[in-house]
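Protein chains: 2
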Amino acid sequence: MINQKNYGLGTARSAIRELFEYGKKQASILGADKVFDFSLGNPSTPAPKAVDEAIADIVKNSDPIAVHGYTSAPGSIETRTAIADSINRRFGMDAKADEIYITCGAAAALCCTLSALTFSSEAEIIAIAPFFPEYRVFTEGAGAKFKVVDADTVGFQIDFEKLEASITDNTAGVIINSPNNPSGVVYSEDTIRKLADLLDRKSKETNHPIYIICDEPYRELVYGDIEVPYVPKYYDNTVVCYSYSKSLSLPGERIGYIYVPSSCEDAKAVYAAAAGAGRAMGYVCAPSLLQTVIARCIDVQPDLTDYKINRKLLLDNLTSYGYKCAAPDGAFYLFLKAPNGDGNAFSEMAKKKNVLVVPGESFGCKDYVRISYCVATETIKGALPYFKELIEEC
Amino acid sequence: MINQKNYGLGTARSAIRELFEYGKKQASILGADKVFDFSLGNPSTPAPKAVDEAIADIVKNSDPIAVHGYTSAPGSIETRTAIADSINRRFGMDAKADEIYITCGAAAALCCTLSALTFSSEAEIIAIAPFFPEYRVFTEGAGAKFKVVDADTVGFQIDFEKLEASITDNTAGVIINSPNNPSGVVYSEDTIRKLADLLDRKSKETNHPIYIICDEPYRELVYGDIEVPYVPKYYDNTVVCYSYSKSLSLPGERIGYIYVPSSCEDAKAVYAAAAGAGRAMGYVCAPSLLQTVIARCIDVQPDLTDYKINRKLLLDNLTSYGYKCAAPDGAFYLFLKAPNGDGNAFSEMAKKKNVLVVPGESFGCKDYVRISYCVATETIKGALPYFKELIEEC
Chain A
1 MINQKNYGLG
11 TARSAIRELF
21 EYGKKQASIL
31 GADKVFDFSL
41 GNPSTPAPKA
51 VDEAIADIVK
61 NSDPIAVHGY
71 TSAPGSIETR
81 TAIADSINRR
91 FGMDAKADEI
101 YITCGAAAAL
111 CCTLSALTFS
121 SEAEIIAIAP
131 FFPEYRVFTE
141 GAGAKFKVVD
151 ADTVGFQIDF
161 EKLEASITDN
171 TAGVIINSPN
181 NPSGVVYSED
191 TIRKLADLLD
201 RKSKETNHPI
211 YIICDEPYRE
221 LVYGDIEVPY
231 VPKYYDNTVV
241 CYSYSKSLSL
251 PGERIGYIYV
261 PSSCEDAKAV
271 YAAAAGAGRA
281 MGYVCAPSLL
291 QTVIARCIDV
301 QPDLTDYKIN
311 RKLLLDNLTS
321 YGYKCAAPDG
331 AFYLFLKAPN
341 GDGNAFSEMA
351 KKKNVLVVPG
361 ESFGCKDYVR
371 ISYCVATETI
381 KGALPYFKEL
391 IEEC
Chain B
1 MINQKNYGLG
11 TARSAIRELF
21 EYGKKQASIL
31 GADKVFDFSL
41 GNPSTPAPKA
51 VDEAIADIVK
61 NSDPIAVHGY
71 TSAPGSIETR
81 TAIADSINRR
91 FGMDAKADEI
101 YITCGAAAAL
111 CCTLSALTFS
121 SEAEIIAIAP
131 FFPEYRVFTE
141 GAGAKFKVVD
151 ADTVGFQIDF
161 EKLEASITDN
171 TAGVIINSPN
181 NPSGVVYSED
191 TIRKLADLLD
201 RKSKETNHPI
211 YIICDEPYRE
221 LVYGDIEVPY
231 VPKYYDNTVV
241 CYSYSKSLSL
251 PGERIGYIYV
261 PSSCEDAKAV
271 YAAAAGAGRA
281 MGYVCAPSLL
291 QTVIARCIDV
301 QPDLTDYKIN
311 RKLLLDNLTS
321 YGYKCAAPDG
331 AFYLFLKAPN
341 GDGNAFSEMA
351 KKKNVLVVPG
361 ESFGCKDYVR
371 ISYCVATETI
381 KGALPYFKEL
391 IEEC
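As given, the protein sequences belong to chains A and B, one line each in that order.
Taking my numbering, the leading residue of the first sequence gets 1, the next gets one more, and so forth.
Taking my numbering, the leading residue of the second sequence gets 1, the next gets one more, and so forth.
Among the hints, erroneous ones may be present.
One copy or two, it doesn't matter: identical chains are merged, so the pair holds either way.
Calculated cross-link-like contacts (lysine-lysine; reagent style DSSO-like; alpha-carbon spacing at most 27 Å) [unchecked claim]:
no., residue 1, residue 2
1, Lys24, Lys96
2, Lys5, Lys145
3, Lys5, Lys147
4, Lys60, Lys49
5, Lys5, Lys204
6, Lys268, Lys5
7, Lys388, Lys312
Because the hints were derived from the structure by calculation, they are not lab data.
Pulled out of the complex, with its shape left as it was, chain A reads as follows (with noise of 0.2 Å):
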């Protein structure tokens, strides 16, 4: 006499998770210099220096009633401006702290969004693969249908043709996650106003707003030139889903915010039905001590130096050895073609050898494995050998 679909929430455990808690229990037989354990997207960069200072001042410092008291539910008004200032001051965008509701990080976030734009049991959210696999638990938690949209694996960028065909007059939203995980891949200009384009077209075929709920928790993790356009900028019927959780390497701290710009097709209704899908999952309000800890320090930058020496080293390395990949512009992921065309067969090759890399499958894209490069760098440097040994042997 439970509810049997959580139950089984709770008992199956992630292809990830599954992989990790293995290299766990291996570390503890071979010793840790022994198993190279690439599976989890934990930033392994601490948190910038000025976080850990701001939240010694104002544990110090401030009244502490209000530092730990109840916020309003969408979050301190102080918080809320100083995030809808620095969007218009990075992105030109027009952001009212009315606009922003601070979240339990993206995860919250997202099922949020998702549960105000499911506006019957029959909606559909399309998402592209490869994708982060919890889009369909946090989807269908909601009380939506979970469609995807197969990869374009040439470029990673949009596959528009079997998008289109998979939109109906039930799509309520299109989730995009750019950079991406697990790809790396940054989706360009050119794919944005396609996209903005199609959504555009199909929203006047259907008689209603197909929106887009932009996640993205990977915003500063880019590499090069590269520039992540701002999907507001180029699509009206933008939700932006964003955490701090790898921008400022606080994952356990849950802190992000759901944007709804005004030029929403009705934002405020959005906004509002994205605050009461909170209230109802009894999100009473973000973490009050990190939401002033954001404000304080909304401005600073990811540390990016460990990322970039890693990245090079994977990328340079194991496209020498002839492994081919997704082109890793942004995230601290590789996305890497199977040399023997299966991820899953791969991923068990490498686990033999104590490599721990995520089989695509459960991204959408079963030909690939995830690699994350959040890890040491000895670790990348004790794979190698491995990763060079397998794609001789594939």
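Given chain A, put chain B in place with the hints provided.
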């Protein structure tokens, strides 16, 4: 084309918040010393010094990647162990770390538990008036039906005849909250025993466990010699939802837990379903820094000095004027019988004098009003003459 139920929840303000916002507006016009706001349950005592000392020490001396990193979804093993050990020391239980699921406060704990127990769309959850109004929102958000048992307005314990009549084959659980918001009443051992007997009998009759969902954020806030019975000792199928919001004055930080004792029928499945519900709602983990703080401060007790002063001042004076109220042995509320017999009308009368008390209707008792005495003692002193006037005018 948005979710209308969520839209409704996001636009409707609770009676409590409505009054609170009115109070802020009046204070800005008349001056803060002319408005006597007893609307919110926001602790007026700061977090114990040990909490802020722990925060400062942790960010200074611990591995920053671990401090702010993801914990496992149920929470760090160190904190879950500390919580289980504390439960065992205090209540003579045999709790294990894997029976504890750390949550973003009691609201998240309740939402996960209710969602876990919602075995079908016919499932019913019973609350006993007076009750915290968000129980309805959380229950309906979980997809179950919400049923209310009228209050026992003699002692504010439980009217067992009415409770028994409300139990059906679809009853999944009964939420109890002692010390109670809004009445301040603590359920006696006799009440808990009778409740356990009734639910044992009804579980047999309906051929499935009827769980007690024991919401106890106010457990540590008791006055005098009263003992708050630990419900899992009296009834096997009890799920505890706890929060540190009131005991450590950390309401904005969102930290609490679910405890599913092994005595529960299907304990492991209930726990897994609660975890699965959390996953589907985007609760990745509870805030990581606060998890570490809780482990360090597990034995820190709240400072009740101010609440004791406020409680005595209000209670002595209001009863001397002729007011009647429920026995306020815990929490930081007085639940006052409206002298004119109508809580809404009395709240309106008081509002005209800038004394803000919450009508009892949303708690399920329309003849009453709730006074939160977690305020500055000066606020109480300033309001007493108006309370005297009010009863004379009734």
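Status of each hint after checking the structure:
1. Lys24 / Lys96: between (45 Å within a copy, 22 Å between copies)
2. Lys5 / Lys145: both (15 Å within a copy, 18 Å between copies)
3. Lys5 / Lys147: For Lys5 and Lys147, the Cα distance is within 27 Å both inside one copy (19 Å) and across copies (24 Å).
4. Lys60 / Lys49: both (17 Å within a copy, 10 Å between copies)
5. Lys5 / Lys204: between (36 Å within a copy, 25 Å between copies)
6. Lys268 / Lys5: Between. Shortest inter-copy distance 15 Å satisfies the 27 Å Cα cut-off; intra-copy 32 Å does not.
7. Lys388 / Lys312: within (16 Å within a copy, 76 Å between copies)
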